[in-house]
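Chemist: Chain by chain, the residues:
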Amino acid sequence: MVNLSQNKVPMPEQDPEIRNKNFREVATGYTAEMAMEEAERCLQCKHKPCMSGCPVRVRIPEFIEKVAEGNFGEAYDLIATTNNLPAICGRVCPQENQCEQLCVRAKKGEPVAIGRLERFVADWYMSNRQLAKPEVEKKEQKVAVIGSGPASLACAGDLAKMGYEVTIFEAFHVPGGVLMYGIPEFRLPKALVQMEIANLKTLGVEIRTNMVIGKIYDVDELMQEQGFSAVFIGTGAGLPSFMKIPGENLNGVYSANEFLTRINLMKAYKFPDCDTPVRVGREVAVIGGGNVAMDAARSAKRLGAEEVYIVYRRSEEELPARLEEYHHALEEGIKTNFLTNPTEILGTDEGYVRALKCVEMELGVPDASGRKRSVIKAGSDFEIEIDTVIMAIGQSPNPLIRSTKGLETQNWGGIVVDSDSMATSKQGVFAGGDAVTGAATVILAMGAGKQAAAAIDKYLHGLLEDPDNPACFFTVTRPDN
Amino acid sequence: MYKIVNKQDLNPTVSLLKIAAPEIARKAKPGQFIILRVDDEGERIPLTIADHDNETGTVTIVFQLVGKTTRQLSEMKEGDYLLDFVGPLGKATELDGYKKIAVIGGGLGSAIAWPQAKKLFHEGAHVDMICGFRNKDLIILEEEMKQSCTRLIITTDDGSNGRQGFVTDILKDLIDQGNEYDLVIAIGPLIMMKFVCKLTLEYKIKTIVSMNPVMVDGTGMCGGCRVTVGGETKFACVDGPDFDGHLVDFDEAMRRQQFYKKDEKEALDRHTCRLTGEERANG
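Residue numbers (my numbering), protein chains in the order written: chain A, 1 to 481; chain B, 1001 to 1283.
These aren't lab readings, by the way, just hints derived from the structure by calculation. Any given hint could turn out to be false.
No more than 25 Å apart at the CA atoms, straight line, and that leaves these computed lysine to any residue pairs for SDA-like [stated by the list, open to error]:
{"id": "1", "chain 1": "B", "residue 1": "Lys-1172", "chain 2": "B", "residue 2": "Thr-1070"}
{"id": "2", "chain 1": "A", "residue 1": "Lys-21", "chain 2": "B", "residue 2": "Tyr-1260"}
{"id": "3", "chain 1": "A", "residue 1": "Lys-372", "chain 2": "A", "residue 2": "Glu-324"}
{"id": "4", "chain 1": "A", "residue 1": "Lys-244", "chain 2": "B", "residue 2": "Leu-1247"}
{"id": "5", "chain 1": "A", "residue 1": "Lys-335", "chain 2": "A", "residue 2": "Ala-27"}
{"id": "6", "chain 1": "B", "residue 1": "Lys-1262", "chain 2": "A", "residue 2": "Ala-368"}
{"id": "7", "chain 1": "B", "residue 1": "Lys-1265", "chain 2": "A", "residue 2": "Arg-282"}
{"id": "8", "chain 1": "A", "residue 1": "Lys-405", "chain 2": "B", "residue 2": "Leu-1095"}
{"id": "9", "chain 1": "B", "residue 1": "Lys-1234", "chain 2": "A", "residue 2": "Asp-381"}
{"id": "10", "chain 1": "A", "residue 1": "Lys-335", "chain 2": "A", "residue 2": "Arg-24"}
{"id": "11", "chain 1": "B", "residue 1": "Lys-1003", "chain 2": "A", "residue 2": "Thr-167"}
{"id": "12", "chain 1": "A", "residue 1": "Lys-267", "chain 2": "B", "residue 2": "Gln-1258"}
{"id": "13", "chain 1": "B", "residue 1": "Lys-1234", "chain 2": "A", "residue 2": "Asp-218"}
{"id": "14", "chain 1": "A", "residue 1": "Lys-267", "chain 2": "B", "residue 2": "Gly-1231"}
{"id": "15", "chain 1": "B", "residue 1": "Lys-1262", "chain 2": "A", "residue 2": "Asn-251"}
{"id": "16", "chain 1": "A", "residue 1": "Lys-270", "chain 2": "B", "residue 2": "Thr-1070"}
{"id": "17", "chain 1": "A", "residue 1": "Lys-201", "chain 2": "B", "residue 2": "Asp-1040"}
{"id": "18", "chain 1": "A", "residue 1": "Lys-267", "chain 2": "B", "residue 2": "Lys-1261"}
{"id": "19", "chain 1": "A", "residue 1": "Lys-21", "chain 2": "B", "residue 2": "Glu-1266"}
{"id": "20", "chain 1": "A", "residue 1": "Lys-357", "chain 2": "A", "residue 2": "Asp-381"}
{"id": "21", "chain 1": "B", "residue 1": "Lys-1003", "chain 2": "B", "residue 2": "Ala-1020"}
For each label pair, taking beta carbons as the anchor points, the in silico distance ranges come out as [claimed, not checked]:
{"id": "22", "chain 1": "A", "residue 1": "Lys-458", "chain 2": "B", "residue 2": "Leu-1083", "range": "35 to 45 Å"}
{"id": "23", "chain 1": "B", "residue 1": "Asp-1244", "chain 2": "A", "residue 2": "Glu-221", "range": "54 to 64 Å"}
{"id": "24", "chain 1": "A", "residue 1": "Gln-410", "chain 2": "B", "residue 2": "Thr-1233", "range": "20 to 30 Å"}
Sample of chain A residues facing chain B (criterion: CB under 8 Å; computed from the structure) [what the hints assert, rightly or not]:
{"id": "25", "residue": "Gln-6"}
{"id": "26", "residue": "Lys-8"}
{"id": "27", "residue": "Ala-171"}
{"id": "28", "residue": "Glu-248"}
{"id": "29", "residue": "Asn-249"}
{"id": "30", "residue": "Asn-257"}
{"id": "31", "residue": "Phe-271"}
{"id": "32", "residue": "Pro-272"}
{"id": "33", "residue": "Cys-274"}
{"id": "34", "residue": "Asp-275"}
{"id": "35", "residue": "Asn-398"}
{"id": "36", "residue": "Leu-400"}
{"id": "37", "residue": "Arg-402"}
{"id": "38", "residue": "Gly-406"}
The structure presented is a predicted model; accordingly, all values stated were derived computationally and were not measured. Note that CB positions come from ideal geometry on N, CA and C, so glycine has one too.
Please model the complete structure; the sequences and the hints are all you need to start from.
Modeler: What follows is the structure, given as structure tokens:
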């Protein structure tokens, strides 16, 4: 019996005035009844349009059918055939631009809440079932996976399921990459990320933390001395960008990476119970309009900032952040300064931030990205009194891995790969995720990791040789700059 | 987990730890650093590698008690374990081709400058080491340094040992006496490095300094360790920690170092109070 409601079953959430003072998860999740009711809204379309919007091709109508029947365990098994990290994807995927955008129900009313259902199923499974170690035939070859963010976790999981001996090398003291240091606890509980990683260990994946590849070992040493037959590089986009405006090195100016790492990974919100401090200030300006900017702003508010401003040079319409996150931010009392661009950070005599000097912007003709170019409105200088500035204007790939001999990179730092196999210019070395694309989404990184795992399997079976050029295993197509 | 295989107290507030970390010992070079974490609530602190031994697989660090983490470290014993120890990080000091070098260490900086002196000296260069301490009780690693340079000159601020005065005075004397250095390496408090650089700029002697700013990850990810060098922002963790001292904006670096002072003191006071059972003064 199809549920004909035009709206999704609402997601229970903490009240904004309560949640903007704690780090607990904002959305508290469906109950079994809510999930079954929402699952009834799925029309079970024969052509499954939703699936083509999913970078890892989750078997959406099939798992939703199981949810509607109340068979949550079977629903999980179906999701797990293609998605290694459903509890994470259910929370942080931009479903509105992917599966849900293509849902037939969205033509009249809201789409089926695919993300919420995926999350429900994963959470139900975690608290009711234990992942069994699958019986797989062990393979001889060892594969090294560098980094432990979503691309690496997906790649490692798939390779382990194929029977390869997989070792993940992580620079930080805990695995998880951006899922641990970047996305805040209130959007993605860290215990849950660690449960997903524990599942990987059950599959036999070894995780070595405190290993900065490029320093303690380089890629050649991994392959020649440490016995790895193939390497996957999933080192993400960790290098923070700054605006290169005067005053950026004043005390009180953070990269979003630093601000969020202190809070999420180092638990600065528990200072002094935890040793890492973070200075939040009373009035905070967050520069940028993406999800990272929203995360930083909402974290600052939770840590007691009185006023938090999102300063973005385009208008509300162009915000790259997920609409849901933007709405959550507004509900929590975050203020916005759109069409505003900082030109200088002003400091006190002691070198602390005191104000942000800005200009007003106007929207002109669309640029190459299709977004309207913003241009300065003449004579529109003004100042915002603040004591903390958080730069959330983007990240580029970490520079350390670029020093790898024979690894071709773009001038902005992205690793050049073949778009089908994710093979790099270095034999036996594959790459995927933000290290290749620049900052993107968790699910795209996972998709790339899975693609690479499949290609590594072929490579290790000797099936990927380029017949036209026996010295080279792949024809590397270079993306346009 | 990383075992402490040897611990020596060098003076009342400075200690030396040898840590079992064979993979790091294999790769470490003078000028590089490690980041450690004592326990699960701990912060990540960067410390320069003072020495390393590939045969025993150990990495030596020397630290001064300044905050909670270094207090905890000073309370640890041989056989204890550190939770995290990552490295070698940063770029190695470029030491090739220099013939006559003055290596200047201020306090704890002497221990940090020691590996550079050792390497240069063992490769046949003439190395004068000038190490400054506040008083004779604070002198560290005197024997080790003596064996790692052509001559070691110790100064104390109060004249209680060696020559009285600042390292800059000694350096100036040596230069004026006709010592033609092709490189000066200065490692110590920012204010000391600033004045060494001021002096060597007058004499046009290339000078390398080692920066140790606030840092979280040590891999270029947070940007907390920003240093202005020649008008450009650099990350000390990946672009340094060594920089051309004549280009470093020391005044900015000194300001940035103050940012977390209050929090550091709070964490240390709280730790001390827990140990002694005293009430905390400021709640």
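Chemist: Against the 25 Å threshold, does the CA-CA distance of A/Lys-335 and A/Arg-24 hold or violate the hint?
Modeler: holds, 22 Å
Chemist: For the pair supplied as a hint, A/Lys-335 and A/Ala-27, is the alpha-carbon distance within the 25 Å limit?
Modeler: Between A/Lys-335 and A/Ala-27 the Cα gap is close to 21 Å, so the pair holds against 25 Å.
Chemist: With the threshold set at 25 Å, check whether the alpha-carbon distance from B/Lys-1262 to A/Asn-251 stays at or below it.
Modeler: holds, 13 Å
Chemist: Does A/Lys-21 pair with B/Glu-1266 here, judged by a C-alpha cut-off of 25 Å?
Modeler: OK: A/Lys-21 and B/Glu-1266 at ~23 Å, within 25 Å.
Chemist: Going by Cβ atoms only, is A/Lys-8 closer than 8 Å to chain B?
Modeler: violated, 37 Å
Chemist: Given A/Gln-6 as an interface hint, is its Cβ closer than 8 Å to any Cβ of chain B?
Modeler: violated, 45 Å
Chemist: Is the straight-line distance between the alpha-carbon of B/Lys-1262 and that of A/Ala-368 25 Å or less?
Modeler: violated, 47 Å
Chemist: Take a look at whether the Cβ-Cβ distance between B/Asp-1244 and A/Glu-221 falls inside 54 to 64 Å.
Modeler: violated, 31 Å
Chemist: Holds or violated: the hint that A/Pro-272 contacts chain B, with Cβ atoms closer than 8 Å.
Modeler: holds, 5 Å
Chemist: Do the alpha carbons of B/Lys-1234 and A/Asp-218 lie within 25 Å of each other, as the hint requires?
Modeler: It holds: about 23 Å lies between the C-alpha atoms, which stays within 25 Å.
Chemist: Next item in the hint list is A/Asp-275. Is there a CB on chain B closer than 8 Å to its CB?
Modeler: OK, holds: A/Asp-275 within 8 Å of chain B, min 4 Å.
Chemist: Given the hint that B/Lys-1265 pairs with A/Arg-282, test it: the Cα-Cα distance must not exceed 25 Å.
Modeler: With Cα atoms ~21 Å apart, B/Lys-1265 and A/Arg-282 stay inside 25 Å; holds.
Against the hints set out earlier in the document, violations occur for numbers 1, 6, 9, 14, 23, 25, 26, 37 and 38.
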